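Order-wise, the sequence lines are chains A and B. Note that the numbering used here numbers the first sequence so that position 34 is 34, with each residue one more than the last. Note that the numbering used here numbers the second sequence so that position 175 is 175, with each residue one more than the last.
No lab work stands behind these hints, which were simulated from the structure alone. What you are looking at is a predicted structure, and each value in this text was computed from that prediction instead of being measured. Idealized CB from N, CA, C, for every residue including glycine. Just so you know, not all the hints are guaranteed correct.
[To be verified] Under the rule of at most 25 Å between Cα atoms (straight-line distance), these lysine to any residue pairs were calculated in the SDA-like manner:
#, chain 1, residue 1, chain 2, residue 2
1, A, K289, B, T71
2, A, K82, B, I70
3, B, K182, B, L149
4, B, K182, B, L229
5, B, K111, A, K116
6, B, K111, A, I7
7, B, K111, A, T81
8, B, K31, B, D66
9, A, K82, A, T180
10, B, K31, B, R196
11, A, K82, B, R113
12, B, K111, A, W151
13, A, K289, B, R147
14, B, K31, B, E166
15, B, K111, A, D166
16, A, K82, B, A72
17, B, K31, B, L229
18, A, K116, A, I7
19, B, K111, A, H179
[Said to hold, decoys possible] Chain B stretches covered by chain A per the calculated footprint, using a threshold of three residues with CB under 8 Å from any CB of chain A:
#, stretch
20, 67–77
21, 80–87
22, 99–106
23, 112–122
[Claimed, not checked] A few chain A residues that don't get close to chain B, going by computed Cβ distances all over 10 Å:
#, residue
24, Y4
25, A54
26, D166
27, I171
28, L285
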Amino acid sequence: MTYYAFIGAVEQGFVYGLMVLGVYLTFRVLDFPDLTVDGSLPLGAAVSAVAVSAGVDPYLTLVLAFAAGFAAGAITGILNTKLGILHLLSSILTMIALYSVIIRIMGRPNLTLLGKPTVLDAVTGLGLPAHAAGPLLYGVLAVAAGAALTWYLATRFGQATLATGDNPRMITALGVNTHTTIIAGVGLANALTAVSGALVAQNQGAADVNMGVGTIVAGLASVIIGETLVGGGKGGVGRAIVAALAGSVAYRLAIAVALDLRIGQLSVTPSDLNLITALVVILALTAPKMRAKITGRRC
Amino acid sequence: MLTLTGITKTFNPGGADPVTALAGVSLAIEKGDFITLIGSNGAGKSTLLNCLAGVFFPDAGSIILDGIDITALPEYARAAFLGRVFQDPLQGTCASLSIEQNLALAALRGKPRGLSRGVDPRDRDRFRQALRSLSLGLEDRLDARVRLLSGGQRQALTMLMATLAEPRVLLLDEHTAALDPKTAAHILDLTDHLVREQRLTTLMVTHNMNQAIRLGNRLVMMHRGRIILDVAGPEKQNLTVEALLTRFASLRAGDGSGDGPNGGADDMTDKMLLV
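Can you build the whole structure from these sequences, using the hints too?
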């Protein structure tokens, strides 16, 4: 792998890191399999792209994306809690609806941002070369988001959110309305995902209604890889969040390595990525069990 | 203080096999009462407790607590007044959180939860002191995750959590049934201690007649969704298991349910469950 490919993968790892934090929040904390992210990622991209095109400051568009993502996630939460629709189905319904909403927002299926200002301009303006500015800025943003999520989950409301995923019966008996913690939690997860989508759009110079396909699988793969590498499952929230971000970077590096693979006449193309991701998830899911089996036999 | 009037609850109404779990239960619980509630399987004990806690709503009847009608209050809102301990020791605590985080969650029962710190460092001394009363050494393990604790330790912690924020009524649902005899005895002693110390109004469901006689100042027996016995004071203190079984048999004979082809077999099962 070239230096630039490596830097590019690290940068992508941080850009998508915010989405991975969101997937950690729904899948691991709330035990809520949330497919809304496949829609909230392009939603954030669309909101940011339209706003940047209209001359809004690129950083301010991140706030707009956050709000739009929160609304999308909150709708999924409301469908599940107040209307009693199965969590998985609630999220699929929102995701499908977002497809139409995104095209309404952009007025077309995709929007190019070439030549428009981006969040990176503020950093390159300091004199840093573009290939260093990207990983630095996105790294700072991802770590800041991780720190903010760690803080959130340590608050009284955050602790109630953790308990909602772990033992809803107990936390209800302690006076918490789990509807509120679920709606806020799924909302926050999709807000983070939408900001991630806004950064992707600015980074790639385009927003596309189909750019969210497979987001949930990539997010899940990142979370699991992180847990396998860092062991976030057993430690506290802080460790799990470090694991999520590390997993995001590791996942993008693994993809970059896979794209470099060449076996005889056969080389990996971007369209093979879905297959590779599925294999990575299967491997990461089974690795701890396999390891236990092997070490168990040695004893 | 807590008045239940004409509570009825039928599961699966209009279905192929409707089950009347509560057939008109009225009970006046005075402040400071420690009631033990017994009855055979399907008597409606747990249903009554769940109706009180708001897990589901009764079909008819009312629940009045200190003059306020709480019949239609959702479970989480009712929790402000109620401390609860479940049968399953894993249900009362949060396994992935630490001991102090669990206690902090319980200390805020019924209070709004904002964005201030989940565990207030100033609460740690109070938590340590409360844990010391358990004599399990947990006061030195505030940071330990609850999943590392045994079932008995978790149930002891749940007892503490249920009483930490001074509930108006403590609801115990066969909270020692899933424990080994030694641990169960320890939890019962702890229950007795906490209830006396805080003069808690308590409703304890149990399958064990000895427990029901030994603990509390009042004993209520249910059968087929009705209260068939309610004794308090000296009459309750002088009860024996034998006397209770005899009264149970005669009360059942009175209501006709002891007859029929399986009457004798039913009696046997009930005795085995109750002793």
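Status of each hint after checking the structure:
A C-alpha spacing of about 49 Å is found between K289/A and T71/B, which places the hinted pair above 25 Å, so the restraint is violated. The hinted pair formed by K82/A and I70/B meets the criterion: a straight-line CA distance of about 21 Å does not exceed 25 Å. Restraint check: the Cα-Cα separation between K182/B and L149/B comes to about 16 Å, which is no more than 25 Å; the hinted pair holds. With a CA separation close to 30 Å, the supplied pair K182/B and L229/B exceeds the 25 Å bound.
About 49 Å separates the Cα atoms of K111/B and K116/A, which puts this hinted pair outside 25 Å; it is violated. A C-alpha spacing of about 49 Å is found between K111/B and I7/A, which places the hinted pair above 25 Å, so the restraint is violated. Of the supplied pair hints, the one linking K111/B and T81/A holds, its CA atoms being roughly 22 Å apart against a limit of 25 Å. Distance hint between K31/B and D66/B is fulfilled; the C-alpha atoms sit about 9 Å from each other, no more than 25 Å.
Distance hint between K82/A and T180/A is fulfilled; the C-alpha atoms sit about 10 Å from each other, no more than 25 Å. Restraint check: the Cα-Cα separation between K31/B and R196/B comes to about 13 Å, which is no more than 25 Å; the hinted pair holds. Only pairs whose Cα atoms come within 25 Å are accepted, and K82/A paired with R113/B is accepted, the gap being roughly 21 Å. Taking the CA atoms of K111/B and W151/A, the gap is about 21 Å. The hint holds against a cut of 25 Å.
For the given pair, K289/A sits about 20 Å from R147/B by alpha-carbon distance, which is consistent with the 25 Å threshold. The hinted pair formed by K31/B and E166/B meets the criterion: a straight-line CA distance of about 13 Å does not exceed 25 Å. The suggested pairing of K111/B with D166/A holds, with an alpha-carbon distance near 20 Å, which does not exceed 25 Å. Only pairs whose Cα atoms come within 25 Å are accepted, and K82/A paired with A72/B is accepted, the gap being roughly 17 Å.
Restraint check for K31/B and L229/B: the C-alpha separation of about 20 Å stays at or below 25 Å, so the hint holds. Between K116/A and I7/A the CA atoms are separated by roughly 23 Å; this keeps the pair inside 25 Å, and the hint holds. Proposed proximity of K111/B and H179/A is supported: the alpha carbons are some 16 Å apart, at most 25 Å. Coverage of the stretch 67–77 of chain B by chain A holds. Counting CB-CB distances below 8 Å, 4 residues qualify, and the rule asks for three or more.
Coverage of the stretch 80–87 of chain B by chain A holds. Counting CB-CB distances below 8 Å, 4 residues qualify, and the rule asks for three or more. Remark: the stretch 99–106 of chain B is confirmed as covered by chain A, as 4 of its residues place a Cβ nearer than 8 Å to a Cβ of that chain, reaching the required three. Taking a C-beta to C-beta cut-off of 8 Å, the stretch 112–122 of chain B contributes 7 residues in contact with chain A, enough for the three needed, and the coverage statement holds. With a least beta-carbon separation of about 41 Å from chain B, Y4/A lies farther than 10 Å from that chain, consistent with its non-interface assignment.
Chain B leaves A54/A outside its interface by the beta-carbon criterion, the shortest separation being 33 Å against a cut-off of 10 Å. A Cβ of chain B approaches the Cβ of D166/A within 10 Å, the least distance being about 5 Å, so the stated non-interface status is violated. Remark: the non-interface label on I171/A conflicts with the geometry, its nearest Cβ contact in chain B lying 7 Å away (cut-off 10 Å). Residue placement check: L285/A keeps its beta carbon more than 10 Å from all beta carbons of chain B (closest about 20 Å).
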